[in-house]
Amino acid sequence: DTAVSQTPKYLVTQMGNDKSIKCEQNLGHDTMYWYKQDSKKFLKIMFSYNNKELIINETVPNRFSPKSPDKAHLNLHINSLELGDSAVYFCASSRRENTGELFFGEGSRLTVL
Amino acid sequence: AQKITQTQPGMFVQEKEAVTLDCTYDTSDQSYGLFWYKQPSSGEMIFLIYQGSYDEQNATEGRYSLNFQKARKSANLVISASQLGDSAMYFCAMIRPIQGAQKLVFGQGTRLTINP
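Chain order of the listed sequences is R and S. Numbering (the numbering used here) for the first sequence: 307 to 419. Numbering (the numbering used here) for the second sequence: 1476 to 1591.
Just so you know, these hints were derived from the structure itself, not from any lab. Wrong hints could be hidden among the right ones.
Derived DMTMM-like pairs (lysine to aspartate or glutamate); straight-line CA-CA distance at most 20 Å [unchecked claim]:
| no. | chain 1 | residue 1 | chain 2 | residue 2 |
| --- | --- | --- | --- | --- |
| 1 | R | 315 | S | 1519 |
| 2 | R | 350 | R | 407 |
| 3 | R | 347 | S | 1490 |
| 4 | R | 342 | S | 1519 |
| 5 | S | 1578 | R | 336 |
| 6 | S | 1578 | R | 344 |
| 7 | R | 346 | S | 1519 |
| 8 | S | 1578 | R | 364 |
| 9 | R | 328 | S | 1519 |
Chain R with its partners taken away, still in its complex shape:
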């Protein structure tokens, strides 16, 4: 069974469209994250939710809106897509305690044309 699963894995869309990426984890973790990996492979945190509460909100355009319906799901909705949004988006989860390891999903590659 996949621990952290993201859908879709690939997404190609036009500028100006609105799209969503879904993430689910079956590890029973309390905390979930969205990371963005740009074309230079640099990974940067975007958001983190702990038990449906927003904990980390980095400097991200407000076109990006995370939604956590329950602690096992954290979806990412992006409005008015721009060329610069093209990247790989990784979902991750971790236990609440400071034990360290984040479990990553396989990534969702978004291409904006």
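Based on these hints, arrange chain S on the given structure of chain R.
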């Protein structure tokens, strides 16, 4: 602010040789954690090894060991007896706990290529 620096954009190593990937960090926190992740060409992020700032011994996981030098703020990854399957991007990261979440700050990554 926390910062992770990986100074080696790319490395080429012969199969079966040991390889050291450099990582230095900067933080004002007393308690922190350091990670290494591997990202093969397929794209997934694979956890390799973790070192807590208060751990007295260097972490080891199979062929992976972390050379932790706290005074120098370095956390180099050592891979012994490298294999072709070790070819991948390697990311050093520092973790900072924030109210139940754990913010990972990543370095720029090192692309390791193992030659047969």
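Point to revise | Numbered hints the structure breaks, given as an ascending list | key: 3
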